[in-house]
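Starting from the known structure of chain A, arrange chain B on it as the hints suggest.
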Amino acid sequence: KQEVTQIPAALSVPEGENLVLNCSFTDSAIYNLQWFRQDPGKGLTSLLLIQSSQREQTSGRLNASLDKSSGRSTLYIAASQPGDSATYLCAVMGQEEAGANNLFFGTGTRLTVIP
Amino acid sequence: DGGITQSPKYLFRKEGQNVTLSCEQNLNHDAMYWYRQDPGQGLRLIYYSQIVNDFQKGDIAEGYSVSREKKESFPLTVTSAQKNPTAFYLCASSISLNTEAFFGQGTRLTVV
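Top to bottom, those sequences are chains A and B.
For the first sequence, my numbering assigns the number -2 to the initial residue and increments by one for each residue that follows.
For the second sequence, my numbering assigns the number 197 to the initial residue and increments by one for each residue that follows.
Don't read these hints as lab results, they were simulated from the structure.
Note that beta-carbon positions come from the ideal geometry of N, C-alpha and C, so glycine has one too.
Which stretches of chain B does chain A cover? Using the computed rule of at least three CB atoms under 8 Å from a CB of chain A, they are:
| hint | region |
| --- | --- |
| 1 | 232 to 238 |
| 2 | 241 to 253 |
| 3 | 293 to 306 |
Excised from the complex, chain A in its bound form (with noise of 0.2 Å):
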């Protein structure tokens, strides 16, 4: 069974700084990757998907990439803001049978912004 971590758990920047988070996965054989957003208390909001052709996909100040021989994906924030703070997953689409649902989580990263 496909198996997702995220590490840090936690992460603290001062505003402005360019972070990068990190998503593994075990099973390269997936057919997307999707980073989302939470805020406390909240539902999640995607924010970035990456089909298993790709290499990355970028949407303003952030970029993903996709490395599937190395089970690896990073979320990369340009020019941290405050309003950047929440947790952030990362879940992975895997090939398997059909019919059977195959997206599987990571833990997170809460990502702090301190102005």
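Just chain B now, with coordinates in the frame of chain A:
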């Protein structure tokens, strides 16, 4: 606005009672999901549905039940058989199984 609506936002239940959490979507998605989130753990799948009148157990279905009588609705019942129901519950939907998922704002259930 298109989206997924979960209600209520907060729910309190006495031990031994069944409660039903609502999830409605107007995205015309075929697939819908229920997840449970506990501190320090990743999201765990309770039930999912590929299409109307069909649903499948996820990893932690014991003590829960669902129905999918309408495309837009996927209610979750937490029964008295669920031993530790206090958690944050998230509903999601996608165009079809294993495509990009969109989430509701969650329901926090507390057993008192």
